[in-house]
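K.L.:
What follows is each chain in one-letter form.
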Amino acid sequence: MTRLNSPEELEGFRQEILSRRDPDKPCISICAGSGCVASGALEVIAAFKAEIEKQGLAATVDTKGTGCPGFCERGPVVVIYPEEICYLQVMPEDVPEIISQTVKEKKVVDRLLYVDPATGEKAVHEYDISFYRNQERNVICNNIKIDSKNIDDYLANGGYSALGEALGSMTPVEVLEEVKKANLRGRGGAGFPAGVKWEGSRNAPDPVKYVIVNADEGDPGAFMDRAVLEGNPHSVLEGLIIGGYAIGAQEGYIYVRHEYPLAVENITLAIQQAEACGLLGENIFGSGYNFRVFVNQGAGAFVCGESTALMTSIEGRAGEPRPKYVRSNVVGLWGHPTVLNNVETWANVPLIINKGADWFTSIGTESSKGTKIFSLVGKIANTGLVEVPMGISLRDIVFKIGGGIPGGKKFKAVQTGGPSGGCIPESLLDLPVGFDELTAAGSMMGSGGMIVMDEDTCMVDTARYFVKFLTDESCGKCVPCREGLRQMDNILTRITEGKGGEGDIELLEALAETAQEASLCALGKSAPNPFLSTLQYFRDEYEAHIKEKRCPALSCKELIAYVIDPEQCRACQLCVKKCPAGAIDGGKDLVSIIDQEKCTKCGTCFEVCPPRFNAVRKISGEPVPPPVSGEARKIVRGGKES
Amino acid sequence: MDNERIDQIIEKHHGASSALIQILLDIQEENHWLPKEALDRVSEKLQVPLTTVRHAATFYKVFSTVPKGRHQVHVCLGTACHVRGANRVLDTVEEMTGIKPGETDLDLKFSLETVNCLGCCALGPVMEIDGKVYGKATPSKTIDVLKKYE
Chain A
1 MTRLNSPEEL
11 EGFRQEILSR
21 RDPDKPCISI
31 CAGSGCVASG
41 ALEVIAAFKA
51 EIEKQGLAAT
61 VDTKGTGCPG
71 FCERGPVVVI
81 YPEEICYLQV
91 MPEDVPEIIS
101 QTVKEKKVVD
111 RLLYVDPATG
121 EKAVHEYDIS
131 FYRNQERNVI
141 CNNIKIDSKN
151 IDDYLANGGY
161 SALGEALGSM
171 TPVEVLEEVK
181 KANLRGRGGA
191 GFPAGVKWEG
201 SRNAPDPVKY
211 VIVNADEGDP
221 GAFMDRAVLE
231 GNPHSVLEGL
241 IIGGYAIGAQ
251 EGYIYVRHEY
261 PLAVENITLA
271 IQQAEACGLL
281 GENIFGSGYN
291 FRVFVNQGAG
301 AFVCGESTAL
311 MTSIEGRAGE
321 PRPKYVRSNV
331 VGLWGHPTVL
341 NNVETWANVP
351 LIINKGADWF
361 TSIGTESSKG
371 TKIFSLVGKI
381 ANTGLVEVPM
391 GISLRDIVFK
401 IGGGIPGGKK
411 FKAVQTGGPS
421 GGCIPESLLD
431 LPVGFDELTA
441 AGSMMGSGGM
451 IVMDEDTCMV
461 DTARYFVKFL
471 TDESCGKCVP
481 CREGLRQMDN
491 ILTRITEGKG
501 GEGDIELLEA
511 LAETAQEASL
521 CALGKSAPNP
531 FLSTLQYFRD
541 EYEAHIKEKR
551 CPALSCKELI
561 AYVIDPEQCR
571 ACQLCVKKCP
581 AGAIDGGKDL
591 VSIIDQEKCT
601 KCGTCFEVCP
611 PRFNAVRKIS
621 GEPVPPPVSG
631 EARKIVRGGK
641 ES
Chain B
1 MDNERIDQII
11 EKHHGASSAL
21 IQILLDIQEE
31 NHWLPKEALD
41 RVSEKLQVPL
51 TTVRHAATFY
61 KVFSTVPKGR
71 HQVHVCLGTA
81 CHVRGANRVL
91 DTVEEMTGIK
101 PGETDLDLKF
111 SLETVNCLGC
121 CALGPVMEID
131 GKVYGKATPS
141 KTIDVLKKYE
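Chains A and B, in that order, are what the protein sequence lines are.
Residue 453 in full-length UniProt numbering sits at position 453 of the first sequence, and the numbers go up by one each step.
Residue 149 in full-length UniProt numbering sits at position 149 of the second sequence, and the numbers go up by one each step.
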């Protein structure tokens, strides 16, 4: 690989790559991100390669496995260049048709296009799809254009030009000032201004400094860091090198979750490629700046996403947090000043250097600038990653981009900020999304998980879920977190089981306050948020559970029962066959009956009952009607009546 | 796992005590669990007290200090999977295998774990067996999938 000794050589090399490429040559991009791989993308890639070979097109058509473009719900996603035709949910058996129709004949295969559920219109191009149309994609826009394992693709798309600019014509202080001016706030959760953090490290007298990428994305329901690191690893690396240069660090670490093997693979490869090109290592671009990067894997501990715990883990010990009397940007990894930012924050840095702080601050709200990637998941039609400008309303995200709630259900709440965040009810849907706005509503930005809940989601159970999650993940070092959360979990579990009593809510509030005040790290301090916000907006649900022993969302297992409506049952016996507990009795022309003693409330009967019968019902807070018996159980078929 | 192989792994990480977790990860990856003898060897070679090694081996979820089954079942309980009914999937797995999360059955066929998020939220609820992801899981589909494993 060519070693690039100056920004000019980089530019020359880029032109060379571009001159070798024919922009009109057909190229089939298939998303090879984890979501699409789970839906069978690797088989689709293999099928394309085999078919291209078979039809003798190897010289005229390219294929590439790319990063995640975000629309995971409809994966595997295939985009065909140069026309940018986008096909969704492509299966290996669709491949011959795509090659013969679209690549050879330039015809569109209708059935693989996105159909707008609201208008019924078909979208041929990626940018025509409503899910993409309302986004502003700066960080993840290149994912579908880049083979994440090939540095040439990143270079062809302008990669490392920001590094060239920073090292070639800016002093470290100028870089720092630009990031400060852009008011880039940390995308990992708390929203601390990155430039201020960098400045603290730069000004610390210790000559040994470190920079770290926090890729320990442990928030359940969030996967944007995974997509960026897997799909466009060089963008994170470039940001990290620039950051290292700005603060005067010579070493950087990338701390990746063990659960993300593909991200580990791609970033390790990216480091090797960057080193081979001279973009990393000794004397980068002949500037005299030396910088090395190492990859460290986590081992499945959520608390290691906390900065001090993460550093302890890199040092090779159990990842327990420490009190932050001194910030880690002054005393961090091995006692040296350390700047730790998350994946998305680093990936924004090259954009700021390339396009300038003024461009960056032109997007967003007064206090939150730029765009933010959210993972829009849960009970929503278009699940996936969305990148939007700060300040967009939650309503626009959920309904315009997300396509609303599937199955004709009613929207109930959106949970943001992961286990440290809170639930936002329908009445606040017009809230503009920004760090401070979400905090004011009792939630937070967090790393950007956005979980949409419909009427079937029980909010008490949701609070219990998060508290339980954090109880399991607590490192156990401080009492309010270790013991306090355990008690909150016990009480919330009791309430969802219908065993709640008077005074439970008050006790929970007291425990929440103690955990907030007295916990050592942010895990404990923010752990009561899901409880407090659900109590604030959905107190009636808590009261229904405690006073009426009823779950209004018909979700808490101990408070519901499944019954079969004798009027609706047509004795198809599907439920009888599928019930894993053998709790349903039925026969030819006999109304099926659920034995409540044997029923494990798994919901299989509810799920398999054909919608045209709709005979299985969930009830809560009312007595189970006695089973029909004798003559009444016999179903009289329409034809036999006369 | 023999000492020679453990030494090779330690060598790969230059024998630095800060690489403790990376070394344990490599051993776990190959051996599926961390036997006492392996921890002893790591402690000795890295000059790290055994208590520190054991602390790390029991603190992080990926590590196991007891043998694991032939098939590792991971049920994702991330929020997205949770709101789409992951608990019902977990219940079904527990019922079919007779084990709870963290346990291995007596035939060493299945080990069951819950995970917080596999990053495949769009496909929730998700179950992963030996690295293969089964998306949009339901109790009835789960039964069919588990039956395929020997």
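Since the hints were derived computationally from the structure, they do not count as laboratory data.
Check each hint, because a few of them may be wrong.
As the list claims (entries may be wrong) - Simulated pairs of lysine to aspartate or glutamate, DMTMM-like, Cα-Cα distance not exceeding 25 Å:
{"id": "1", "chain 1": "B", "residue 1": "36", "chain 2": "B", "residue 2": "4"}
{"id": "2", "chain 1": "A", "residue 1": "409", "chain 2": "A", "residue 2": "513"}
{"id": "3", "chain 1": "B", "residue 1": "136", "chain 2": "A", "residue 2": "543"}
{"id": "4", "chain 1": "A", "residue 1": "618", "chain 2": "B", "residue 2": "4"}
{"id": "5", "chain 1": "A", "residue 1": "468", "chain 2": "B", "residue 2": "144"}
{"id": "6", "chain 1": "B", "residue 1": "12", "chain 2": "A", "residue 2": "251"}
{"id": "7", "chain 1": "A", "residue 1": "577", "chain 2": "B", "residue 2": "95"}
{"id": "8", "chain 1": "A", "residue 1": "468", "chain 2": "B", "residue 2": "30"}
{"id": "9", "chain 1": "B", "residue 1": "36", "chain 2": "A", "residue 2": "315"}
{"id": "10", "chain 1": "A", "residue 1": "64", "chain 2": "A", "residue 2": "152"}
{"id": "11", "chain 1": "A", "residue 1": "557", "chain 2": "B", "residue 2": "4"}
{"id": "12", "chain 1": "B", "residue 1": "61", "chain 2": "A", "residue 2": "483"}
{"id": "13", "chain 1": "A", "residue 1": "557", "chain 2": "B", "residue 2": "94"}
To be verified - Facing chain B, according to a computed beta carbon distance under 7 Å, are these residues of chain A, among others:
{"id": "14", "residue": "300"}
{"id": "15", "residue": "377"}
{"id": "16", "residue": "381"}
{"id": "17", "residue": "576"}
{"id": "18", "residue": "578"}
Computed from a predicted structure; not experimentally measured.
We treat Cβ as the ideally placed atom computed from N, Cα and C, and that holds for glycine.
K.L.:
Taking the hints in turn, state whether each one holds.
P.N.:
Right, here's what the structure says about each hint:
1. Between residue 36/B and residue 4/B the CA atoms are separated by roughly 16 Å; this keeps the pair inside 25 Å, and the hint holds.
2. With a C-alpha separation of about 35 Å, the suggested pairing of residue 409/A with residue 513/A is violated against the 25 Å cut-off.
3. Taken as a hint, the residue 136/B and residue 543/A pair is broken in the structure, with Cα atoms around 33 Å apart against an allowance of 25 Å.
4. A hinted pair counts as satisfied when its Cα atoms are at most 25 Å apart, and residue 618/A with residue 4/B does not qualify at roughly 60 Å.
5. A hinted pair counts as satisfied when its Cα atoms are at most 25 Å apart, and residue 468/A with residue 144/B does not qualify at roughly 30 Å.
6. Straight-line distance between C-alpha atoms of residue 12/B and residue 251/A comes to about 20 Å, which keeps the hinted pair within the 25 Å bound.
7. Only pairs whose Cα atoms come within 25 Å are accepted, and residue 577/A paired with residue 95/B is accepted, the gap being roughly 17 Å.
8. At roughly 31 Å between alpha-carbon atoms, residue 468/A and residue 30/B are farther apart than 25 Å, so this suggested pair is violated.
9. Simply put, residue 36/B and residue 315/A have alpha-carbon atoms about 23 Å apart, close enough for the 25 Å limit, and the pair holds.
10. Only pairs whose Cα atoms come within 25 Å are accepted, and residue 64/A paired with residue 152/A is accepted, the gap being roughly 13 Å.
11. Pair hint residue 557/A plus residue 4/B does not hold up; C-alpha atoms about 52 Å apart against a cutoff of 25 Å.
12. Straight-line distance between C-alpha atoms of residue 61/B and residue 483/A comes to about 20 Å, which keeps the hinted pair within the 25 Å bound.
13. Of the supplied pair hints, the one linking residue 557/A and residue 94/B holds, its CA atoms being roughly 16 Å apart against a limit of 25 Å.
14. Evaluation of the residue 300/A hint against chain B yields a held restraint, the C-beta minimum of about 3 Å falling below 7 Å.
15. A hinted interface residue such as residue 377/A counts as satisfied when its beta carbon comes closer than 7 Å to some beta carbon of chain B; here the least separation is about 4 Å, so the hint holds.
16. Evaluation of the residue 381/A hint against chain B yields a violated restraint, the C-beta minimum of about 11 Å exceeding 7 Å.
17. Interface restraint check for residue 576/A: the shortest CB-CB distance to chain B comes to about 13 Å, outside 7 Å, so the restraint is violated.
18. With a cut of 7 Å, the hint placing residue 578/A at the interface with chain B holds, because the nearest CB-to-CB distance is about 5 Å.
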